[in-house]
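A.B. asks: One-letter residues, chain by chain:
Protein chains: 2
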Amino acid sequence: VSTPDRTDRIRGVLSPVVTPFKADLSPDPERFVRQCRWLLSQDVGLAVFGTNSEANSLSTEEKIDLLDRVVAGGIDPARLMPGTGCCALTDSVRLTAHAMKLGAGGVLMLPPFYYKGVSDDGLFRSFAEVIERVGDRRLRLYVYHIPPVSQVPITLGLIERLLKAYPGIVAGVKDSSGDWNNTKAMLDAFAAGGFDVFAGSETFLLANMRGGGTGCISATANVNPGPIAKLHREWQTPEADAQQARLDEIRGIMQRYPMIPALKAVIARYGGDGSWATVRPPLVALTAEQRAALAAELGRAAFTMPGLGA
Amino acid sequence: VSTPDRTDRIRGVLSPVVTPFKADLSPDPERFVRQCRWLLSQDVGLAVFGTNSEANSLSTEEKIDLLDRVVAGGIDPARLMPGTGCCALTDSVRLTAHAMKLGAGGVLMLPPFYYKGVSDDGLFRSFAEVIERVGDRRLRLYVYHIPPVSQVPITLGLIERLLKAYPGIVAGVKDSSGDWNNTKAMLDAFAAGGFDVFAGSETFLLANMRGGGTGCISATANVNPGPIAKLHREWQTPEADAQQARLDEIRGIMQRYPMIPALKAVIARYGGDGSWATVRPPLVALTAEQRAALAAELGRAAFTMPGLGA
Numbered sequence: 001v002s003t004p005d006r007t008d009r010i011r012g013v014l015s016p017v018v019t020p021f022k023a024d025l026s027p028d029p030e031r032f033v034r035q036c037r038w039l040l041s042q043d044v045g046l047a048v049f050g051t052n053s054e055a056n057s058l059s060t061e062e063k064i065d066l067l068d069r070v071v072a073g074g075i076d077p078a079r080l081m082p083g084t085g086c087c088a089l090t091d092s093v094r095l096t097a098h099a100m101k102l103g104a105g106g107v108l109m110l111p112p113f114y115y116k117g118v119s120d121d122g123l124f125r126s127f128a129e130v131i132e133r134v135g136d137r138r139l140r141l142y143v144y145h146i147p148p149v150s151q152v153p154i155t156l157g158l159i160e161r162l163l164k165a166y167p168g169i170v171a172g173v174k175d176s177s178g179d180w181n182n183t184k185a186m187l188d189a190f191a192a193g194g195f196d197v198f199a200g201s202e203t204f205l206l207a208n209m210r211g212g213g214t215g216c217i218s219a220t221a222n223v224n225p226g227p228i229a230k231l232h233r234e235w236q237t238p239e240a241d242a243q244q245a246r247l248d249e250i251r252g253i254m255q256r257y258p259m260i261p262a263l264k265a266v267i268a269r270y271g272g273d274g275s276w277a278t279v280r281p282p283l284v285a286l287t288a289e290q291r292a293a294l295a296a297e298l299g300r301a302a303f304t305m306p307g308l309g310a
Numbered sequence: 001v002s003t004p005d006r007t008d009r010i011r012g013v014l015s016p017v018v019t020p021f022k023a024d025l026s027p028d029p030e031r032f033v034r035q036c037r038w039l040l041s042q043d044v045g046l047a048v049f050g051t052n053s054e055a056n057s058l059s060t061e062e063k064i065d066l067l068d069r070v071v072a073g074g075i076d077p078a079r080l081m082p083g084t085g086c087c088a089l090t091d092s093v094r095l096t097a098h099a100m101k102l103g104a105g106g107v108l109m110l111p112p113f114y115y116k117g118v119s120d121d122g123l124f125r126s127f128a129e130v131i132e133r134v135g136d137r138r139l140r141l142y143v144y145h146i147p148p149v150s151q152v153p154i155t156l157g158l159i160e161r162l163l164k165a166y167p168g169i170v171a172g173v174k175d176s177s178g179d180w181n182n183t184k185a186m187l188d189a190f191a192a193g194g195f196d197v198f199a200g201s202e203t204f205l206l207a208n209m210r211g212g213g214t215g216c217i218s219a220t221a222n223v224n225p226g227p228i229a230k231l232h233r234e235w236q237t238p239e240a241d242a243q244q245a246r247l248d249e250i251r252g253i254m255q256r257y258p259m260i261p262a263l264k265a266v267i268a269r270y271g272g273d274g275s276w277a278t279v280r281p282p283l284v285a286l287t288a289e290q291r292a293a294l295a296a297e298l299g300r301a302a303f304t305m306p307g308l309g310a
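Read top to bottom, the protein sequences are chains A and B. Take the first sequence: its position 55, counted from the start at 1, is 55 in this note's numbering, and no numbers get skipped. Take the second sequence: its position 1, counted from the start at 1, is 1 in this note's numbering, and no numbers get skipped.
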């Protein structure tokens, strides 16, 4: 079996697309597809079912149904990098196989995250079982390192073992450690060999590109997609540092609020659709006071979302 | 609606029953039912789908199928307290409703455990949505406090709110904090009002009974069920402290090894069925050296498992 080539790889900026809910807390496929279309219009790819998508508050059935609806809605599956890593091996296999059947450009895979302090042997076996059971050479698997939430880190040693066992299939990482030194260590160790490092937010987009990285997958790409994608296109221009500073300003505002409810509140406001503010438990929506303060801060910063709700 | 009475409540010692897997890592219902029968013969109830059951490595479908097979296998559903708390609201509702349909005596409910640092408001809403959607007055819900693993604690304030909103339905807690002061605080705050506190291991069984608690739900009840249940029956006798010391000796040995693989290795050895040692990733089985060392320690302690594999 030859190593798959890299020309078709997902690059650039992706958004962990926030998931809209109806009043009964069921996912709303129509608004979800509309949001995906808007993000694509801003040159941002679709890391659906990420942390910021409340993906782990959805059942596997709900995720499969949403994925079907997105593709039926005309979204190019090559632009999809769904999160498919679940606690249960059988769920991860089922969801990953379904994503492959639909032609997803890649999958972003959390480690099983209930049991803590597990060994790299056990994590290797988890990823390997999914890869073997899915059994599709077209699979492009991005491991998802987000220790502040998952509490189960992906070490450099684990990546090395996976790359050795599944070259070409193990395609990259999203590093949401928030620790640039860790991202840099991943770049230094693996980027030259064709392993794609996505920063976990645009905070490190410019540094990541300069270090040989591929792009970023960022919560705030849900609300500020165009300017983030622009920096990815123009990172080698003299304007790059100023663009990065402007991205940091907007993200800095968002980070003063609980991120997921804040993203949804901003989409609700700028898109003129209040129902977007709904979150599933255990999350809670912003209070009216938080919404007003956030809107005021974004207004002062002359923040816009061109084309949203059009 | 009157408050349900307490006479039918689950009491005593329960085991988070370890889940046997076939060589292809699928659950083995036949060996699972046999293990449940043996535990009941030792006067130990069945907290199936607990942490030590690798429940979070099973899909909701796999859990529903196992539950059906256990009841079809003749196990009294009143002795069942399945774990039904999942990350996704819809999974928790589905599994809890199924447990109620089968007549389970109670359910043990983890909070949604992916998102960290969530508010008591969000956790209250999570439990409340499950209770409301299941909509069954026979429900007896035990909240599961296991911060070392879930990283999402159940506070006393949350329990107070739940008890006020759903008296009789919110029936108790399993406290796996490992912190006796926390268990004591729960006993002092709620036990007199009819809230059943189960210690998270037999380490605190005697102290819990003396403090007004109900029993314990313990990993090591998988391998040492009879003596733990005996202490529960005899905690008011002069032999209680000596019995507790003997329980501590056996648990102390088990705790020197990774608990879940160690439980399975002991069942494999004492039941003469090596296939019991299989675990699902991300866990890994004990090494041959670990198995030998554990067997030697238990042998020196004159440990037995009467009736297992009979």
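Bear in mind the hints are in silico, worked out from the structure with no lab data behind them. Bear in mind that the values here come from a model prediction, so they are computed numbers and not experimental data. Yeah, the Cβ is synthetic: ideal placement off N, Cα and C, and Gly gets one too. Wrong hints could be hidden among the right ones.
Unchecked claim - Ranges between beta-carbon positions, derived for each pair:
| hint | chain 1 | residue 1 | chain 2 | residue 2 | range |
| --- | --- | --- | --- | --- | --- |
| 1 | A | Pro-147 | B | Ala-245 | 53 to 61 Å |
| 2 | A | Gly-74 | B | Asp-8 | 21 to 29 Å |
| 3 | B | Gly-73 | A | Gly-307 | 26 to 34 Å |
| 4 | B | Gly-103 | A | Thr-287 | 40 to 48 Å |
| 5 | B | Pro-147 | A | Arg-137 | 36 to 44 Å |
| 6 | A | Leu-156 | B | Gln-236 | 51 to 59 Å |
| 7 | A | Thr-304 | B | Asp-188 | 50 to 58 Å |
| 8 | A | Gly-193 | B | Leu-40 | 53 to 61 Å |
| 9 | A | Arg-137 | B | Leu-40 | 47 to 55 Å |
| 10 | B | Arg-233 | A | Gly-157 | 27 to 35 Å |
As the list claims (entries may be wrong) - As a list, the in silico BS3-like pairs of lysine-lysine whose alpha-carbon atoms are at most 27 Å apart:
| hint | chain 1 | residue 1 | chain 2 | residue 2 |
| --- | --- | --- | --- | --- |
| 11 | B | Lys-184 | B | Lys-230 |
| 12 | B | Lys-184 | B | Lys-164 |
| 13 | B | Lys-164 | A | Lys-116 |
| 14 | A | Lys-116 | A | Lys-164 |
| 15 | A | Lys-184 | A | Lys-230 |
| 16 | A | Lys-164 | A | Lys-101 |
| 17 | B | Lys-116 | A | Lys-116 |
| 18 | A | Lys-22 | B | Lys-22 |
| 19 | B | Lys-164 | B | Lys-116 |
A.B. asks: Which hint numbers doesn't this structure obey?
C.D. replies: Failing hints, ascending: 1, 2, 3, 10, 13 and 18.
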